[in-house]
Amino acid sequence: MRRYLVALLLSFALPVSATQVLMTTNLGELTIQLDEKKAPLSSQNFLRYVEDGSYVGTIFHRVIPGFMAQGGGFDKDLQRRPTYPAIKNESTNGLSNARATIAMARTQDPDSATRQFYINYQNNSFLDAQGSRPGYAVFGKVVKGFSVIEKMAEIPTTTIRSMGMKDVPQQPIVIKAITIIKE
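Here the numbering used here = 1-based position in the sequence shown + 56.
There could be a bad hint or two in this list.
Unchecked claim - Within a straight-line C-alpha distance of at most 16 Å, the following computed EDC-like cross-link-like pairs (lysine to aspartate or glutamate) qualify:
(1) Lys232 - Asp108
(2) Lys232 - Glu85
(3) Lys238 - Asp131
(4) Lys197 - Glu85
(5) Lys197 - Glu92
(6) Lys207 - Asp91
(7) Lys94 - Asp108
(8) Lys144 - Asp131
(9) Lys238 - Asp91
(10) Lys197 - Asp108
(11) Lys232 - Glu107
(12) Lys144 - Glu92
(13) Lys132 - Asp223
(14) Lys232 - Asp91
(15) Lys144 - Asp167
(16) Lys238 - Glu92
(17) Lys232 - Asp131
(18) Lys200 - Glu85
Said to hold, decoys possible - Here are the computed distance ranges between Cβ atoms for each label pair:
(19) Gln186 - Gln135: 34 to 42 Å
(20) Gln178 - Lys200: 12 to 20 Å
(21) Thr214 - Gln100: 33 to 41 Å
(22) Lys222 - Ser73: 33 to 41 Å
(23) Ser73 - Arg155: 30 to 38 Å
(24) Met221 - Ser188: 27 to 35 Å
(25) Ala233 - Glu210: 19 to 27 Å
(26) Pro138 - Lys232: 16 to 24 Å
Hints in this document: simulated from the structure, not taken from any laboratory. Positions of the beta carbon are idealized from the N, C-alpha and C atoms, including for glycine.
Start from the sequences and build out the full structure, keeping to the hints where you can.
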């Protein structure tokens, strides 16, 4: 009985492991650790696209050195990928748009995030919720391979006026694989 109680008590003391995702791009691999406790909706939303395989073949279509790299929504021909319904904004979760964090991209509508995400190159706290102004919901962090994101910033970008897109890498940065590696 004593062993059972000790084991039971220890089980409560063990840290809960966070879900990690391995993303393989044509520039290398990176590992993203999700914060499902503080950003459950955004994490679940991201994992839905990971699990259905639809991030594979998408690109980082907007890269602004010193700011962020955005991807997940277009293929290499800049064709928009289908989305699930938009999710509720979780930008008041206490997570900040700090260097190496991953957050949901959205339109001016705070509750419009679907499949696109971005990774911060630096601390971009101006993207956080402030007072009654909603921000952009952080849901995890790159914990390994941030150098791959930094390589993205070295690729020259262009403007594609016909599509109204700026900061498009001239060499496609493709997500070749993305899998859950730890839950």
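Results for each hint:
At roughly 14 Å between alpha-carbon atoms, Lys232 and Asp108 fall within 16 Å of each other, so this suggested pair holds. Pair hint Lys232 plus Glu85 holds up; C-alpha atoms about 10 Å apart against a cutoff of 16 Å. With a C-alpha separation of about 27 Å, the suggested pair Lys238 and Asp131 falls outside the 16 Å cut-off, and the hint is violated. A threshold of 16 Å between alpha carbons decides the hint, and for Lys197 with Glu85 the separation of about 14 Å falls inside it, so the pair holds.
Using a Cα cut-off of 16 Å, the hinted pair Lys197 and Glu92 holds, with the two alpha carbons roughly 12 Å apart. A distance of roughly 25 Å separates the Cα atoms of Lys207 and Asp91; the hinted pair therefore is violated under the 16 Å criterion. Between the alpha carbons of Lys94 and Asp108 the distance comes to roughly 23 Å, so the proposed pair goes past 16 Å and is violated. Between Lys144 and Asp131, the direct Cα distance comes to roughly 25 Å. Violation of the 16 Å bound is thereby established for this hinted pair.
As the CA atoms of Lys238 and Asp91 are separated by approximately 13 Å, the hinted pair is consistent with the 16 Å bound. Distance restraint check for Lys197 and Asp108: the Cα-Cα separation of roughly 21 Å exceeds the 16 Å cut-off, and the hinted pair is therefore not satisfied. A distance of roughly 14 Å separates the Cα atoms of Lys232 and Glu107; the hinted pair therefore holds under the 16 Å criterion. Annotation: proposed proximity of Lys144 to Glu92 holds, straight-line Cα distance about 15 Å (limit 16 Å).
For the hint pairing Lys132 with Asp223, the CA-to-CA distance comes to about 14 Å; that is within 16 Å, so the pair holds. Note on Lys232 and Asp91: the hinted pairing is violated, with a Cα-Cα distance of about 24 Å set against a maximum of 16 Å. For the hint pairing Lys144 with Asp167, the CA-to-CA distance comes to about 5 Å; that is within 16 Å, so the pair holds. The suggested pairing of Lys238 with Glu92 holds, with an alpha-carbon distance near 13 Å, which does not exceed 16 Å.
Using a Cα cut-off of 16 Å, the hinted pair Lys232 and Asp131 holds, with the two alpha carbons roughly 11 Å apart. Distance hint between Lys200 and Glu85 is fulfilled; the C-alpha atoms sit about 8 Å from each other, no more than 16 Å. For the pair Gln186 and Gln135, the beta carbons lie near 35 Å from each other, so the given range of 34 to 42 Å is met. The hinted window of 12 to 20 Å between Gln178 and Lys200 holds, with their beta carbons roughly 19 Å apart.
Between Thr214 and Gln100 the C-beta distance comes to about 35 Å, which sits within the given range of 33 to 41 Å. Checked against the hint of 33 to 41 Å, the pair Lys222 and Ser73 passes, with Cβ atoms roughly 39 Å apart. In this structure, Ser73 and Arg155 break the distance hint of 30 to 38 Å, their C-beta atoms being roughly 23 Å apart. Between Met221 and Ser188 the beta carbons are some 31 Å apart, a value that agrees with the proposed interval 27 to 35 Å.
Between Ala233 and Glu210 the beta carbons are some 22 Å apart, a value that agrees with the proposed interval 19 to 27 Å. Take Pro138 and Lys232: their Cβ atoms lie about 20 Å apart, and the range 16 to 24 Å holds.
The structure fails to meet hints 3, 6, 7, 8, 10, 14 and 23 from the earlier list, while all remaining hints are met.
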